[in-house]
Amino acid sequence: MLRLERRKEASRSMLYATPFLAVLLTMAAGIVLFALIGKDPLRAISIIFFQPLTSVYGVTELLVKATPLVLIAVGLSLGFRAGIWNIGAEGQYTMGALAGGAVALAFYDQPGLWLLPLMCVAGAAGGAAWAAIPAFLKTRFNANEILVSLMLTYVAGLILSVMVFGPLRDPEGLSFPESRLFHDSARLPVLISGTRAHVGILVALVAVLLTAFVLARHRFGLVIRVLGAAPAAARFAGFSETATVWTCLLVSGALSGLAGLFEASGTLGQLVPALPVGYGFTAIIVAFLGRLHPVGILAAGLLLGLTYIGGEGAQIAMSLPSAVTSVFQGMLLFFLLAMDVLVNYRIRLGSRPAAAIAAEAE
Amino acid sequence: MDLVVNILIGIVIAATPLVFAAIGELVVEKAGVLNLGVEGMMIMGAVAGFATRIETGSPWLALVAAMAAGAIMAALFGLLTLTLLSNQVASGLALTLFGLGLAALLGQAYSGMSAPAFPRLSIPGLSTLPVIGPLLFGHDLLVYLSVALVAGVVWFLGRTRAGLILRAVGENHDAAHQLGYPVVLIRYLALMFGGAAAGLGGAYLSLVQSPIWVEKMTAGRGWIALALVVFAAWRPWRALAGAYLFGGITILQLHSQAFGLKIEAQYMNMLPYLATILVLVVISSDRRRLQSNAPASLGKPFYAAS
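Protein sequences, first through last, are from chains H and A. Heads up: the first sequence begins at 1 in this note's numbering, then just goes up one per residue. Heads up: the second sequence begins at 1 in this note's numbering, then just goes up one per residue.
I should point out that these hints are in silico values taken from the structure, not numbers from a laboratory. All C-beta atoms, glycine included, are put in the ideal place defined by N, C-alpha and C. Incorrect hints may appear among the rest.
[To be verified] Simulated restraints on C-beta separations:
1. A:Ala-117 to H:Arg-348: 26 to 36 angstroms
2. A:Ala-109 to H:Asp-184: 51 to 61 angstroms
3. A:Gly-158 to H:Leu-349: 36 to 46 angstroms
4. H:Phe-20 to A:Arg-235: 41 to 51 angstroms
5. H:Gly-38 to A:Val-184: 49 to 59 angstroms
6. H:Met-318 to A:Ala-117: 53 to 63 angstroms
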C-alpha cells in the first residue's frame, strides 16, 4: 500500500526538481498521444522541442513568443503568491494593445520620438485600468476576482472587435476589419535586423530582474508571502489586504497591457481582431511552472514559447492540428500540479509504523 | 404572440446548458470541493457528444458519451486535488485549459459538420395546443431532464441520508472523517456527478442549441455556471432561476434587432458577461450572508492525519 506522509517542511529539492520531471512526463505522454493519433511520435517531439532551436529565425521567434508570456507571468506570480487570482490577464493584454494601438493611430500624422513612450504608457495604463475593475469590485464589494477578471476577458475581446470594425478600421482598407499599419515611429525597434526580435525582449528581462529584487529585498515581497500563507497573521501584523489586492492587480494588469502593446507594436504592427491568442492563459502555466519565481518564470516562458513555435512547425511539417500546442500546455500544468505532492508529502510504502502512531497519540 | 412564444422558447434553450452545469457544480461545492474546470468539462462533453452522435447516429449514446467525458475529466481533477492534494484553484484552471485544447484536437475531424435534430417531446393533443403546447410540451427532452435533475438534487440533498452525509463532508470534512465517513470517496462521487452534468450541458450546446461543432463553443458558459452557484447561494431552485435569468439576457441580444435597437452586435454579446459581474457584486457585497451560505470546507484540502 502506498501512503502519503506530510513533510514537516516543504522539500526544496523537490520544489526545483518537479518542474523538470513534469516536462519529461509531458514529453512521454506526448509520445503516447502522437502514437495514438497515428503520427511518428519521436519526429513530432523533435520538431516541437528541438527543431526551433537549430536556426536563428527559430530562436528569435522563440524570444518573441516568450516575451509576452514572461511579462504577464511575472505580474501574475505576485498575486498568486498572495492568493489573489487574476486569471483575466488575456483581457488586460487586449486592452493594453487597444489603448496603445489607439494612441499610435491617433497620432498617425504626427510621428515623433515621443510617440513610442506614450504608447507604452497608454498600453500599461489600459491593462492596469482593466485590472482595476476586479480590484475595485473585490476590495469594495468582495466580488470574486477569478470570475470577474475572466468575464472581463470576453468583454475586452468584444471591445477590441467593436473598435477594429468601427472607429479604428483602416480607412483605405478594403473589407478587412483591421487597423492600418502603424507608422514606423510607432513600431518597436528591432534588435536583430531581418527578424521580429524587438526591444520588448529586453523589457521582459528588466521586469524579471526588478521583480526578483522586490521579492528578495523589499517589504512587499514579505507581505504577499505572509498574506498567501497565513491571511490572519498578515492582518495581525498590520499588512493591508486591500492595498495588496490593488497592488498585485494593478502591477499584473500593467505588465499584461505592456505585453499586449508589444505584440501590437512590435510583432504585428497593427490592431487585428485576432490579437488575443491566449498568452494570458498560457502565462498562468508559465507562472506555476516557474514556481512563481521570476528566474523560474523566465525559463518556463522560454519553454512554453518553444511549444508555440514547435507546434507551428509540427502543423506545417506533419499536418498536426494547432490544438496540439494547448494540449501540451495543459498536460504540462497537470503533471506539475500532480508532482506537487512530492514537495509537501513523502510517499511511503506499507502501513503506518507503530512509532508514528504512538507519537501522534501522545 | 408568436414572437413572445419564440422568445420564451429561446430563453429555455439558452438556459438549459447553464442549468446542467450549475446544478452539477452546486453538488460538488456542497461536498466542499471547488472545481473551476467546469468550462473544460463542458467542452469535452460537447465534443464527445457531437462525435458520438455523428459516428453512431444515436442521440442517447451521444448523451452517455458526453456524461462519461465530463465525468472522466472530473475524475482527473479528483486525482489531482483529492488524491494528490494539489491546489484546487490551479487544478481547475488546468482542467479548463487542457479540456479546451483536447476538445479542439479531438473535434478537428468534425468541424463544419452538423448534427441531426434532437428528439422533442410530442404528446398527441397537448404539444399542438397554441402557446401552451410549444411552451410546456414541445421542448427537446433534455429540457425536461434538466428540470427533473434540479428536483432530484433538491430531494437528494434535503431528504436523503446520503445527501446529509455529502453536506456534512462539505461543512466539516475533519468531523465527517472522525465519524467514519469516507470523505475522499464521497467527494470523488460528487465530482463525477458534477462532471457528468457539465458534460450534458456541453452536449446540449453541440447537439441542440446549435448542432454543429466549433472550437471553444462553450464561450465562458462554464464560468457563468460557477457564478450562478454563488448567485444561488448554493440552493438548487435558485440556480435554476438564475440560469433562466441568464437565458433571458442571452436571448435579448438575439432579438434586439426585432425591438428596433440599433446597436453593434458586440455590445449585446457583452451582456451575459457584464450581467455575471453585476450579479456577483450584488450577491457578494453582503459578506456575512455569503459566508453563512457557503459550505464551510469549500476549497480546503483534506488530509487524513489519522
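Exercise for review: With 51 to 61 angstroms as the target window, see if Ala-109 (chain A) and Asp-184 (chain H) comply at their CB atoms.
Suggested key: Hint violated: Cβ distance 44 angstroms, outside 51 to 61 angstroms.
Check your understanding: Could one say that the CB atoms of Gly-158 (chain A) and Leu-349 (chain H) fall in the range 36 to 46 angstroms?
Key -> Holds: the Cβ-Cβ distance is about 44 angstroms, inside 36 to 46 angstroms.
Check your understanding: Range hint 26 to 36 angstroms: satisfied by the CB atoms of Ala-117 (chain A) and Arg-348 (chain H)?
Key -> violated, 56 angstroms
Check your understanding: Taking 41 to 51 angstroms as the hint, is the beta-carbon distance of Phe-20 (chain H) and Arg-235 (chain A) inside that range?
Key -> holds, 46 angstroms
Check your understanding: Taking the CB of Met-318 (chain H) and the CB of Ala-117 (chain A), does the distance hold inside 53 to 63 angstroms?
Key -> violated, 37 angstroms
Practice item. Evaluate the given range 49 to 59 angstroms for the C-beta pair formed by Gly-38 (chain H) and Val-184 (chain A). Key: Given about 38 angstroms between the Cβ atoms, the range is violated.
Consistency with the previously given hints fails for numbers 1, 2, 5, 6, ordered from lowest to highest.
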